[in-house]
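In this note's numbering, the protein residues as written are 1 to 186.
Among the hints, a few may not be true.
As the list claims (entries may be wrong) - Mimicking SDA-like on lysine to any residue, the simulated pairs with C-alpha atoms at most 25 Å apart in a straight line are:
no.	residue 1	residue 2
1	K32	K60
2	K135	D26
3	K102	K135
4	K77	K135
5	K60	I176
6	K23	Q165
7	K53	S181
8	K65	D93
If you are wondering where the hints come from, they were derived from the structure by calculation, not from laboratory data. In this text, all values refer to a predicted model and were calculated from it rather than measured experimentally.
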Amino acid sequence: MKMTLFMLMMNFTTYSFAAEQVKLSDVNIVIKTTEGLSKLEDTLKYPESLLKKFQPQGAKITHKKVSHNTVTFVGTKTYMMMSHSVTVKGTLDSVESNIGCKQNENGYDVALSFEGSDSLVYDNFESVRLKLCAKENNESQLYASLRPVLIKGRAYSGLTGPFVQSIIEAQIKPLITAVESEMLSK
Numbered sequence: 001m002k003m004t005l006f007m008l009m010m011n012f013t014t015y016s017f018a019a020e021q022v023k024l025s026d027v028n029i030v031i032k033t034t035e036g037l038s039k040l041e042d043t044l045k046y047p048e049s050l051l052k053k054f055q056p057q058g059a060k061i062t063h064k065k066v067s068h069n070t071v072t073f074v075g076t077k078t079y080m081m082m083s084h085s086v087t088v089k090g091t092l093d094s095v096e097s098n099i100g101c102k103q104n105e106n107g108y109d110v111a112l113s114f115e116g117s118d119s120l121v122y123d124n125f126e127s128v129r130l131k132l133c134a135k136e137n138n139e140s141q142l143y144a145s146l147r148p149v150l151i152k153g154r155a156y157s158g159l160t161g162p163f164v165q166s167i168i169e170a171q172i173k174p175l176i177t178a179v180e181s182e183m184l185s186k
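When you get a sec, could you build the whole thing from the sequences and use the hints?
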């Protein structure tokens with residue numbers, strides 16, 4: 001039985017040597033706040049408070065811990081009629097970069113690396129990257145567009161990859177909600 005399962009998994013595993021990507025739907029947000037760009041920059045520069053406000057979804061979440069720019073949690077979800085638990089460790093980093101943004105926008109490259117997660121997670125997806133472009137409107141509203149992309153791991157599996165992808169994709173909206181909440185608390 002174990003050999004059959006191993007052979008089945010090998011048939012659905014692709015070894016990737018170049019970073020293959022899965023583009024997700026773009027997200028546009030409006031945050032009503034003054035000094036939005038400076039609050040956004042501060043939120044991304046010091047993400048611990050943001051990560052504390054982050055409420056993971058898409059699975060039964062337990063054992064959430066935050067330290068500096070890293071969040072760790074265990075996600076349990078039923079997949080293929082079996083319950084699976086994975087430890088997800090996400091390290092959030094960002095750099096200012098206007099590449100890919102309009103001339104009147106401030107840009108940031110945000111990455112959530114899954115290095116240190118269970119191998120089931122990291123083998124399938126190494127990180128999620130967001131291109132964030134933002135601008136203020138009369139200093140009372142911040143408009144932002146996000147282009148999220150999942151970076152496949154070197155041993156992406158057609159069998160387990162969709163399971164991991166569903167857990168990771170479900171975190172995009174809660175992360176945006178946490179960013180908004182953190183900005184409004186400043």
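Hints, verified against the model:
no., hint, verdict
1, K32 / K60, "32 Å, violated"
2, K135 / D26, "16 Å, holds"
3, K102 / K135, "10 Å, holds"
4, K77 / K135, "38 Å, violated"
5, K60 / I176, "20 Å, holds"
6, K23 / Q165, "11 Å, holds"
7, K53 / S181, "8 Å, holds"
8, K65 / D93, "17 Å, holds"
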